[in-house]
Structures are given as structure tokens and as C-alpha cells.
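Engineer: In case you want the letters, here they are:
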Amino acid sequence: MKKVILVVEDKEEEQILARKAVADSGHGIILCANLFDAKSMIGSYSSKLSGIVADLHFPERSQDTNLNKPAGLAILTLAVSENIPVVVCSDMDNHQSDYVKDVIRYLGKHTSYGGIPFSVDRKDWLQSVKQLNAIMAKGE
Amino acid sequence: MLIISDSVFGKVLAAIIEKDGFDVILSSHEDSVFAVASENPSHIFICECGKCEAGEKTPINIGMSVSGQTIYRCGFSDDNGGDYLKLPLNLDNLKSKIKK
Numbered sequence: 072m073k074k075v076i077l078v079v080e081d082k083e084e085e086q087i088l089a090r091k092a093v094a095d096s097g098h099g100i101i102l103c104a105n106l107f108d109a110k111s112m113i114g115s116y117s118s119k120l121s122g123i124v125a126d127l128h129f130p131e132r133s134q135d136t137n138l139n140k141p142a143g144l145a146i147l148t149l150a151v152s153e154n155i156p157v158v159v160c161s162d163m164d165n166h167q168s169d170y171v172k173d174v175i176r177y178l179g180k181h182t183s184y185g186g187i188p189f190s191v192d193r194k195d196w197l198q199s200v201k202q203l204n205a206i207m208a209k210g211e
Numbered sequence: 096m097l098i099i100s101d102s103v104f105g106k107v108l109a110a111i112i113e114k115d116g117f118d119v120i121l122s123s124h125e126d127s128v129f130a131v132a133s134e135n136p137s138h139i140f141i142c143e144c145g146k147c148e149a150g151e152k153t154p155i156n157i158g159m160s161v162s163g164q165t166i167y168r169c170g171f172s173d174d175n176g177g178d179y180l181k182l183p184l185n186l187d188n189l190k191s192k193i194k195k
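So the protein sequences, as listed, match chains A and B. Sequential numbering from 72 applies to the first sequence in the numbering used here. Sequential numbering from 96 applies to the second sequence in the numbering used here.
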């Protein structure tokens, strides 16, 4: 049985890259494109998920047309409260939302692994999965 | 092969197919998304698919997490979808699909 990682990403071209990065790491993937579905998966499988890699800006629900909400912060909060290792894979500098970095740093202080890794200028799924693997290895 | 079922039908089907030498994993509908991700089966067989049945939402739920697997839905409804197997099943037909 493979370890399973939840990936939250709404853009199809990024989903392809994320899927490949997770597959290359030898893990299984549960992929969600909005906050509602991701929360549902965390609710169902929180004790079974090995980790989460999340974008920061994606819709709350599938029919939501506003793609610029930092819905990923809700995922980070859930992950920290459920003690699930989490990494942010984002290009948040393109969203003029500098404040989210402070929120991520604050949430990171409440993790057992010393902070939530995050990217700011471009999405690098390989790097994010690598960072998640390192956190998961610490917890074993 | 992953069989997703909450009923005795899934257990019976798993036993029959296992007897023919296939590796079979049985999952409930509730655990189906995790089972697909963790087991990465080549074939997924979703039981109880049809109007108002437990399996109706499962193809949607697992949809984003599958990649390249062959999925069959199974139930008692009249459904013309090429992926739908109407009960009662022709087991030889099913086995030939799995062997492909």
C-alpha cells in the first residue's frame, strides 16, 4: 500500500505536473480542485493521509468563478490542527497577497516540524513533494 | 483490481475473480478514494451504480484521483454507457475485459 498525499490545485496544467511529481516520489495522490472537496477529503481521511501539498489561491467550490481567494489558508489551518504534514506550492507573488506569508509563518509555529515550507514566485511541484517527503521522514 | 461495493455482491464477485487468479482488493464506497490512491489498481469495478444507489457518487468522487485506470460501473439500471455492466453479469465477458 502506498502512502497517500492530498494535492489541492485548481489549474489543469498544474495538476498534471503535481500528479507526475507525486507519482515519481512513489506515493499515491488524491487530487482536489476546490476547498469544499479538499475539506471533505481531509474530513474523511485525516488519519490516513501522509501529507498535503496545497496551492494557496483556488475556488471555494467547483462553481465558484473567483480564483483569487486564498482558500489554501483554510487547508493549512486544517492540516496543522489535524497534525498532517503540509507544504504550500504557490506563485503567491502573482496574487498581490503578501500578507499570506505572515499567516503561513504563524501557522508554521504550531507544527511539530518547525514551519510550513512555501514557494512564492513559481510553483515547483517536485521541490514541494521533496520538502513534504523530508517532513514525513522526520515523523517516522 | 479494485472492487468498490458496500453489499454482499462485491464480496461474492471478489471471491469469484480471486479464484481465477486475479489480485482483488475490496473497498467500501466511503473508502474508495483512498483505496484508489493507495493501491493504484489497473481496473476499478464500482458496484451499486444506478439511480439512488450508493455507488452513484463514487465515479465522481474518485474521478480526479484516477489516472489511466480502466473503470467499470455496475448496477441494475438501464444505462447505455460503454463502461456500464448491467446485472446479472456475464462473468466470462467481465473476465475478458480484465485480461485486456
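Since the hints were derived computationally from the structure, they do not count as laboratory data. The reader is advised that the hints may include incorrect statements.
List time: in silico DSSO-like cross-link candidates among lysine-lysine, alpha-carbon distance up to 30 Å [as the list claims (entries may be wrong)]:
no.: 1; chain 1: B; residue 1: Lys114; chain 2: A; residue 2: Lys74
no.: 2; chain 1: B; residue 1: Lys152; chain 2: A; residue 2: Lys91
no.: 3; chain 1: B; residue 1: Lys152; chain 2: B; residue 2: Lys194
no.: 4; chain 1: A; residue 1: Lys91; chain 2: B; residue 2: Lys181
no.: 5; chain 1: B; residue 1: Lys146; chain 2: B; residue 2: Lys192
no.: 6; chain 1: B; residue 1: Lys152; chain 2: B; residue 2: Lys181
Engineer: Next step is simple, just say for each hint if it's right about the structure.
Structural biologist: The hints, checked one at a time:
1. B/Lys114 to A/Lys74: Holds, because 28 Å separates the two Cα atoms, which is no more than 30 Å.
2. B/Lys152 to A/Lys91: Measuring from Cα to Cα gives roughly 26 Å; hence the hint holds.
3. B/Lys152 to B/Lys194: The hint holds at about 27 Å.
4. A/Lys91 to B/Lys181: 35 Å, violated
5. B/Lys146 to B/Lys192: 25 Å, holds
6. B/Lys152 to B/Lys181: Distance ~17 Å between B/Lys152 and B/Lys181 Cα, so the pair holds.
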